[in-house]
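There are 2 protein chains.
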Amino acid sequence: MSGVAERQHPRTSAENAQLALLLELAGTPKPGNVDRARDLSDLRFEHFLAGAVGSAEGLRRAESGAPVGVAFERAVRGMRHQEGGNTQFGCLLLLVPLVRAAAAGDLSPAGVTEIVESTTVADAADFYRAFEHVDVAVDDPPESMSDLDVRRGSDAVPALRARGMTLSDVMAASEGDGNAAEWRDGFAATFETAETIRADDGPVPDRIARAFVDRLADGEDSLVRTNHGPETAAEVRRRAAEARGDRAEVTELAEALVAEGINPGTTADLVCAAAFVALERGVSV
Amino acid sequence: MSGVAERQHPRTSAENAQLALLLELAGTPKPGNVDRARDLSDLRFEHFLAGAVGSAEGLRRAESGAPVGVAFERAVRGMRHQEGGNTQFGCLLLLVPLVRAAAAGDLSPAGVTEIVESTTVADAADFYRAFEHVDVAVDDPPESMSDLDVRRGSDAVPALRARGMTLSDVMAASEGDGNAAEWRDGFAATFETAETIRADDGPVPDRIARAFVDRLADGEDSLVRTNHGPETAAEVRRRAAEARGDRAEVTELAEALVAEGINPGTTADLVCAAAFVALERGVSV
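Residue numbers (my numbering), protein chains in the order written: chain R, 1 to 285; chain U, 1 to 285.
Next up, chain R with everything else stripped away, as it sits in the complex (with noise of 0.2 angstroms):
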């Protein structure tokens, strides 16, 4: 079957991106997170099918070699077209640098960090404005930093101009952010993930789904530290720790986390941005 679907045309970058994203979210089970077996309650799995749909034309425009901010922005535009709210922010945050890396020829920690260190002022008040089309979850900046809460959407750019903050800039100063720790450092985690799920094998929606547990065991998740504190933070790892190689303990976990509230949404997009290097590697569907 591969010789086959290897003679057709093969997936642009952009495509790979937007089936991470689906992959991603196919992937079960995934504790915490919508994926193919739970909905959470107000946001369900239509929304994520939608929101991939309209990331598709941010995600090309990043292929095509537009600045970082721009992409992200139009992706974001594009994503939030369903009644779901916030989606897939964080994974774009992450794809669009890598598929700028991938067009660029260079899809590794060195070929990312060249896309990071290239990003200027005004891709960050593009970041700043893709905030305007949805809620995210964000910590308190310190109180330096107040005039530059991302909350304050396209109000932030006067400060980021005056300050000289470049996108790359502004993620060094997101302490605590899961993303943005990859920004800083060379998107080690997700080039990591993406060999974990290289060397796996199956279905890989299945692959996908290990991959997550993993990195919730590894590693706290950001989101659920800014949402519910620090130590709901450990105890979700503890837990995703001792369920890990067992699915029928992962699915239990799964229920558990959706029924509490609890949504690991920074792992998720770790794994989305991991699925979408190994598409690039050569993964096959």
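For the record, the hints were derived by calculation from the structure and aren't laboratory data.
Don't take every hint at face value.
[Unchecked claim] Covered stretches of chain U (chain R as the covering partner; in silico rule of three or more C-beta atoms under 8 angstroms from a C-beta of chain R): (1) 14-20; (2) 44-50; (3) 76-86; (4) 210-224.
Each residue gets a CB set at the ideal place from its N, CA and C atoms; glycine is no exception.
Following the hints, complete the assembly by docking chain U onto the known chain R.
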């Protein structure tokens, strides 16, 4: 919530078509088909996700006014870049003229009939070429048409040219195929089912699943007839009529048809096309 969504960038017709492919896939229970809860033995959920990703470029070409054959062949070629085989050939055969009609500003029986009647011999040739990408279950043609067996792919193009057959003519000659019947009949069942989906309420995938069972109960599925004969097709229709309206019974039928290897795929194609029309007419997700 919908107020926020409405302020965002609206979806294009090509995006609505891709979303229709995904929403149709998500609708469950859809007896005998891959859905959110069920895979077939060698055709899984993620193959349809990849098919929907790969179809988009052809759908965008349709929206830009490319000939129906060119857009369809490109959509099928992109769809086929996955290891499951034929996922959405039939849906695309309905979606491409509908997207063309929507882009021309007249998504109605008259508007899509105009697109159908404008097809050429070149469109027919591209339609035949599309069969080279994928195995599609079809009936044997009548003896007098054996040189036009679609399974001959581009080998049949000289015969098409000699007979001067347009794609509309090819569809007119495809007796017994439910999708070709839509082409001949102004997409009557598609538009009717779109209104059923609009008039229903609740999450859109649930509406799609109910519309699927209604269609299966109201008319025999032509793919079931092709693969299993008229008695089985009549029997599936009867079982759908009995289960209709009772979610537990429909779920039981879904399990049973998957176990029996009976796939009412033409009904899924039609419901997908209807979902597209419903989205274009304002149904929101």
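Results of checking the hints against the structure:
1. 14-20: holds (count 3)
2. 44-50: n = 6 at 8 angstroms, threshold three: holds.
3. 76-86: holds (count 8)
4. 210-224: As far as the stretch 210-224 of chain U goes, the hint is violated, because 0 residues have Cβ atoms under 8 angstroms from chain R.
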